[in-house]
Amino acid sequence: NAGVIQTPRHKVTGKGQEATLWCEPISGHSAVFWYRQTIVQGLEFLTYFRNQAPIDDSGMPKERFSAQMPNQSHSTLKIQSTQPQDSAVYLCASSSGQYAEQFFGPGTRLTVL
Amino acid sequence: AQKVTQTQTSISVVEKTTVTMDCVYETRDSSYFLFWYKQTASGEIVFLIRQDSYKKENATVGHYSLNFQKPKSSIGLIITATQIEDSAVYFCAMRENYGSSGNKLIFGIGTLLSVKP
Numbered sequence: 001n002a003g004v005i006q007t008p009r010h011k012v013t014g015k016g017q018e019a020t021l022w023c024e025p026i027s028g029h030s031a032v033f034w035y036r037q038t039i040v041q042g043l044e045f046l047t048y049f050r051n052q053a054p055i056d057d058s059g060m061p062k063e064r065f066s067a068q069m070p071n072q073s074h075s076t077l078k079i080q081s082t083q084p085q086d087s088a089v090y091l092c093a094s095s096s097g098q099y100a101e102q103f104f105g106p107g108t109r110l111t112v113l
Numbered sequence: 001a002q003k004v005t006q007t008q009t010s011i012s013v014v015e016k017t018t019v020t021m022d023c024v025y026e027t028r029d030s031s032y033f034l035f036w037y038k039q040t041a042s043g044e045i046v047f048l049i050r051q052d053s054y055k056k057e058n059a060t061v062g063h064y065s066l067n068f069q070k071p072k073s074s075i076g077l078i079i080t081a082t083q084i085e086d087s088a089v090y091f092c093a094m095r096e097n098y099g100s101s102g103n104k105l106i107f108g109i110g111t112l113l114s115v116k117p
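Heads up: the protein sequence lines correspond to chains Z and G, in order.
With my numbering applied, the first sequence covers 1 to 113.
With my numbering applied, the second sequence covers 1 to 117.
The reader is advised that the hints may include incorrect statements.
With a straight-line cut-off of 30 Å between C-alpha atoms, the simulated DSSO-like cross-links for lysine-lysine are [stated by the list, open to error]:
no.	chain 1	residue 1	chain 2	residue 2
1	G	K3	Z	K62
2	G	K116	G	K55
3	Z	K78	G	K3
4	G	K3	G	K72
5	G	K56	G	K70
6	Z	K78	Z	K11
Just a few of them, taken from the derived set where beta-carbon distance is under 7 Å, the chain G residues facing chain Z [said to hold, decoys possible]:
no.	residue
7	G43
8	I45
9	F47
10	K56
11	N103
12	K104
13	F107
14	I109
Quick caveat, the hints were computed from the structure, so don't treat them as lab data.
These numbers come from a predicted model, not from an experiment.
Glycine included, each C-beta is placed from N, C-alpha and C at the ideal position.
Using the sequences and the accompanying hints, generate a full structural model.
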């Protein structure tokens with residue numbers, strides 16, 4: 001069985017450019033989560049979808065960050081006008097239900113120059 | 001406030017021995033879920049084991065087991081018969097069980113385990 005798929009695995013952008021990160025959850029999983037990992041902040045929650053509907057975006061920076069889940073097979077995280085402090089590994093996770101454990105993808109390493 | 005604390009930044013053990021990693025948590029909820037994940041050198045984050053707060057019996061999966069002490073808000077991970085390939089960073093995480101925000105994981109900072117021959 002395929003796990004969570006994330007593309008690209010690595011992305012380098014210049015300051016001020018846009019970055020779009022893609023996630024394909026495990027087939028049949030109804031919940032999708034985005035997290036960010038940095039050395040300084042560790043693993044931080046960004047946003048959560050259940051059955052494609054946005055449920056909790058309390059971890060998302062209010063400006064420049066947005067996430068969507070247009071269908072059950074993929075979600076995107078978009079960062080506009082990227083800044084060096086956005087450099088991190090962005091992780092997508094999915095779970096089969098509200099109380100199930102989350103399974104993580106390999107992450108996208110974003111580097112903003 | 002929700003918080004997960006791992007005080008051991010790194011542990012080194014000899015293979016085939018048993019290691020315990022500590023984790024304490026803070027929550028305002030009476031019902032919550034606790035998880036342990038490991039992150040390998042390649043960056044892959046792997047789910048290992050979970051403990052639901054309402055269960056009194058400690059969870060066990062393979063050579064992983066938990067020491068759940070609810071009055072102390074503590075959930076230790078025990079790895080028996082450690083192997084070289086157990087070398088990784090181990091994260092403790094908590095998920096509360098209330099409202100729409102009760103699904104996100106709150107992670108500790110991780111404990112680096114090195115298993116040596």
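Quick rundown of the hints versus the structure:
1. G/K3 - Z/K62: Answer holds: G/K3 to Z/K62 is near 23 Å, not above 30 Å.
2. G/K116 - G/K55: Since the Cα atoms of G/K116 and G/K55 sit roughly 35 Å apart, the hinted pair is violated (cutoff 30 Å).
3. Z/K78 - G/K3: 28 Å, holds
4. G/K3 - G/K72: 14 Å, holds
5. G/K56 - G/K70: 9 Å, holds
6. Z/K78 - Z/K11: 13 Å, holds
7. G43: 6 Å, holds
8. I45: Status holds, d = 4 Å.
9. F47: With Cβ-Cβ at 5 Å, under 7 Å, it holds.
10. K56: Hint violated; G/K56 Cβ to chain Z Cβ min 18 Å, cut 7 Å.
11. N103: 6 Å, holds
12. K104: Result: holds, 4 Å to nearest chain Z Cβ.
13. F107: Hint holds; G/F107 Cβ to chain Z Cβ min 4 Å, cut 7 Å.
14. I109: G/I109 check passes; min Cβ-Cβ to chain Z is 5 Å, inside 7 Å.
Checked against the numbered hints above, the structure violates hints 2, 10; every other hint is satisfied.
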